[in-house]
Amino acid sequence: MSAAAETELVEELLDGKHRALARVISKVEDREPGYRDIVSRLHEHTGTADVIGVTGSPGAGKSTLVDKLAAHYRERGETVGVIAVDPSSPYTGGAVLGDRIRMASNVGDMDVFFRSMSARGTLGGLSTATADAVKALDAFGKDRIIVETVGAGQNEVDIVRTADTVVVLVQPGSGDDVQMLKAGILEIGDLFVVNKADMEGASRTVADLEEMLHMERDPTAKLNTGSFEKPDHPDRDDIDANGSTPADDDEHWEPMVLETVAKSGEGVEELIETLDEHSAWMDETGRREAKARQRYAAEIRQLLRADAAQLIDEEIDQRGGIEAMAERVQARETDPYTVADDVLGPIEDCVRKQRE
Amino acid sequence: MSADQEQRTIRCLVAKVGLDGHDRGAHVIARAFRDAGFEVIYSGLHRAPEEIVQAAVQEDVDVLGISILSGAHNTLVPKVIEGLKEYDAFEDTLVLVGGIIPDEDKDDLLEMGVAEVFGPGTPMEETVEFVEANAPER
Chain W
1 MSAAAETELV
11 EELLDGKHRA
21 LARVISKVED
31 REPGYRDIVS
41 RLHEHTGTAD
51 VIGVTGSPGA
61 GKSTLVDKLA
71 AHYRERGETV
81 GVIAVDPSSP
91 YTGGAVLGDR
101 IRMASNVGDM
111 DVFFRSMSAR
121 GTLGGLSTAT
131 ADAVKALDAF
141 GKDRIIVETV
151 GAGQNEVDIV
161 RTADTVVVLV
171 QPGSGDDVQM
181 LKAGILEIGD
191 LFVVNKADME
201 GASRTVADLE
211 EMLHMERDPT
221 AKLNTGSFEK
231 PDHPDRDDID
241 ANGSTPADDD
251 EHWEPMVLET
261 VAKSGEGVEE
271 LIETLDEHSA
281 WMDETGRREA
291 KARQRYAAEI
301 RQLLRADAAQ
311 LIDEEIDQRG
321 GIEAMAERVQ
331 ARETDPYTVA
341 DDVLGPIEDC
351 VRKQRE
Chain D
1 MSADQEQRTI
11 RCLVAKVGLD
21 GHDRGAHVIA
31 RAFRDAGFEV
41 IYSGLHRAPE
51 EIVQAAVQED
61 VDVLGISILS
71 GAHNTLVPKV
81 IEGLKEYDAF
91 EDTLVLVGGI
101 IPDEDKDDLL
111 EMGVAEVFGP
121 GTPMEETVEF
131 VEANAPER
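Chains as they are written, first to last, in the working numbering: chain W, 1 to 356; chain D, 1 to 138.
Keep in mind that the hints were calculated from the coordinates and are not lab data. All values derive from a computational prediction rather than experimental measurement. Watch out, some of these pointers could steer you wrong.
[Stated by the list, open to error] Using 25 Å as the maximum straight-line C-alpha spacing, the simulated DMTMM-like pairs for lysine to aspartate or glutamate come out as follows:
#1 Lys17/W with Glu91/D
#2 Lys85/D with Asp15/W
#3 Lys17/W with Asp88/D
#4 Lys17/W with Asp103/D
#5 Lys291/W with Asp313/W
#6 Lys79/D with Asp103/D
[What the hints assert, rightly or not] Cβ-Cβ distance ranges computed for the label pairs, FRET-style:
#7 Asp276/W with Ala72/D: 41 to 47 Å
#8 Gly286/W with Thr75/D: 35 to 41 Å
#9 His45/W with Gly71/D: 30 to 36 Å
C-beta atoms are modelled at their ideal positions from N, C-alpha and C, and glycine is treated no differently.
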């Protein structure tokens, strides 16, 4: 793609042309030559959208809830962008992206820009592509951007981290889900939503979640039987003997557990209010800026790693390929450390010389 | 593997338009496309032409496969095509129609801008090969 065509595409996107936005996201997804220039150019126009990440196990009702959220925001006159990530087949790379079926409340409303993305089985590439797609929506001028993903692996956790606010969806009566939550998603959620709250076992799930969240915050909670003076928190100095932390003031966001029935829209109002609260809290405490800086740092690192890896791949090919190296190591002619030093040595020298 | 490696994947929208509840064919096609390595977005049942246009534009699909078994193709297909033109999306979208289309209507559809019409009994490979050969260059 020529530079002129790129400029035109970027201008059309900034002008609010839907087709251009869609095409930019495709280029980002395809890693098409020139996509970097496009994203670079969009960057200065970003930073105005509020990004919400929604994650949870399959069937928890993410898409239905996202649909309702989008409809509420539209009622308030805000524009919405949605990116829904679905898994792809590890064998063929193909995928059926079905989240769109649930977007019933926003039919024919072009101000809800809904885009399905597949995981495409790339190593670390998905989170970069999704983050870039969020930028495209941001530059386009969307007020709210919702990123929806199955919270199954590290990659998904990364994607959710591109969001300002993370909502974790849980299904009632799913002990296993709560088990899964222990493994890490518990830490990334700003809000926990027990969806399908009209189902049996919902209150139990809410109670379980709340307990776990409190444990996370203060492992000695509920251990105070009254007989002894409660011990100081073993790990943290900022929790005093009464169990109250500086966290109780504005500095700390207390993750909340809400209940919704996405299908009927019950509880969505409260969810939106809480999302607004979180958003306001982030602005007041400067958390939004801090989080964005962290995100940019992570992004720079990831890009640099990918680029450096590419450079090294080139160097490996120049030196006869990785197979040949492996054979020499296997034949005990050399060892992996020496090979790595040999490959990287000249690059290191080059960089050091340049720096001086 | 680098994050920058180009990964072009054919994207398809499999769409059911109008009052037509027969989606077995659409499901079978969606699966066949998936197994061929395409990314398939399925519209769900009973979609209005505007919805299909919205989905095709936003998802930036290479291929739009419309499944119609209700006989309303002469009304619905032109609406979809007009909508695509409105968003400058017609030029580089391969529009296919599948379902029950009488022979005398087929030519009209082709003239309108539909790339091909696939009737009942079309082997899956034929459709997949057609898409692979004709997916628009972008």
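Quick one: which hint numbers does this structure break? Sort them smallest to largest. 4, 5, 8, 9
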